[in-house]
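Engineer: Take these sequences, add in the hints, and give me the full structure.
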Amino acid sequence: GAVVSQHPSWVICKSGTSVKIECRSLDFQATTMFWYRQFPKQSLMLMATSNEGSKATYEQGVEKDKFLINHASLTLSTLTVTSAHPEDSSFYICSARLAEYTYEQYFGPGTRLTVT
Amino acid sequence: AQTVTQSQPEMSVQEAETVTLSCTYDTSESDYYLFWYKQPPSRQMILVIRQEAYKQQNATENRFSVNFQKAAKSFSLKISDSQLGDAAMYFCAYSGDDKIIFGKGTRLHILP
Numbered sequence: 001g002a003v004v005s006q007h008p009s010w011v012i013c014k015s016g017t018s019v020k021i022e023c024r025s026l027d028f029q030a031t032t033m034f035w036y037r038q039f040p041k042q043s044l045m046l047m048a049t050s051n052e053g054s055k056a057t058y059e060q061g062v063e064k065d066k067f068l069i070n071h072a073s074l075t076l077s078t079l080t081v082t083s084a085h086p087e088d089s090s091f092y093i094c095s096a097r098l099a100e101y102t103y104e105q106y107f108g109p110g111t112r113l114t115v116t
Numbered sequence: 001a002q003t004v005t006q007s008q009p010e011m012s013v014q015e016a017e018t019v020t021l022s023c024t025y026d027t028s029e030s031d032y033y034l035f036w037y038k039q040p041p042s043r044q045m046i047l048v049i050r051q052e053a054y055k056q057q058n059a060t061e062n063r064f065s066v067n068f069q070k071a072a073k074s075f076s077l078k079i080s081d082s083q084l085g086d087a088a089m090y091f092c093a094y095s096g097d098d099k100i101i102f103g104k105g106t107r108l109h110i111l112p
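Respectively, the protein sequence lines represent chains A and B.
Be aware that the first sequence starts at 1, since it is given in our numbering, and climbs by one per residue.
Be aware that the second sequence starts at 1, since it is given in our numbering, and climbs by one per residue.
Since the hints were derived computationally from the structure, they do not count as laboratory data.
Treat the hints with care, since some could be wrong.
What the hints assert, rightly or not - For each label pair, taking beta carbons as the anchor points, the in silico distance ranges come out as:
id: 1; chain 1: A; residue 1: G53; chain 2: B; residue 2: L111; range: 49 to 55 Å
id: 2; chain 1: B; residue 1: K55; chain 2: A; residue 2: L68; range: 35 to 41 Å
id: 3; chain 1: B; residue 1: R63; chain 2: A; residue 2: D65; range: 30 to 36 Å
id: 4; chain 1: B; residue 1: A72; chain 2: A; residue 2: I12; range: 46 to 52 Å
id: 5; chain 1: A; residue 1: H7; chain 2: B; residue 2: A16; range: 25 to 31 Å
Even for Gly, the Cβ is constructed at its ideal location relative to N, Cα and C.
Structural biologist: Encoded structure:
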């Protein structure tokens, strides 16, 4: 149980275009999902917290107009990288919290974004 | 602000031996969770073990156990009978609310 999927697993896009990454909780409802960014050989950096039906809360320094997050249902959150540039190339990981009042998160397999 | 510190960027251990990964954290909260996550080459984050701060007993999961010292704010991970499949990046993590704060990680190499 508690499986989180991400799609696509790998995407290449041209500079200036937008790309959408989906995060789904497959066997549970997630009121809260999280988006992380991980640079090579570094730790996970929290980008934003996404709550179903409300606006995402972005961490300091994360451009909310560049990284659009939508949490339309209890099983789906999307991250759209708008007007992508090569510096946006990274590994993006989502996670979902199993239930309210728990601290444990289950992670998706990640999406590798390459902007050319 | 809460912080998590892993002072060992890399470690190596002989297969079948025991290794301990260190982690310290800083918080003013009294109720929180601590985690160890494993990230193998596939980059899938896998929860290894978790510890609730209010529990004095150290958590164990098969070959994995922790030494939780709340007063010292220390949370080390012991891996017994190391196996080749244990080779990965290990992240210590803290959560006092809905966010998880990760340490910088320790890369563990298993020597055959």
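Engineer: List in ascending order the numbers of the hints, as given earlier, that are violated by the structure.
Structural biologist: As far as the earlier hints go, 3, 5 are violated by this structure, in ascending order.
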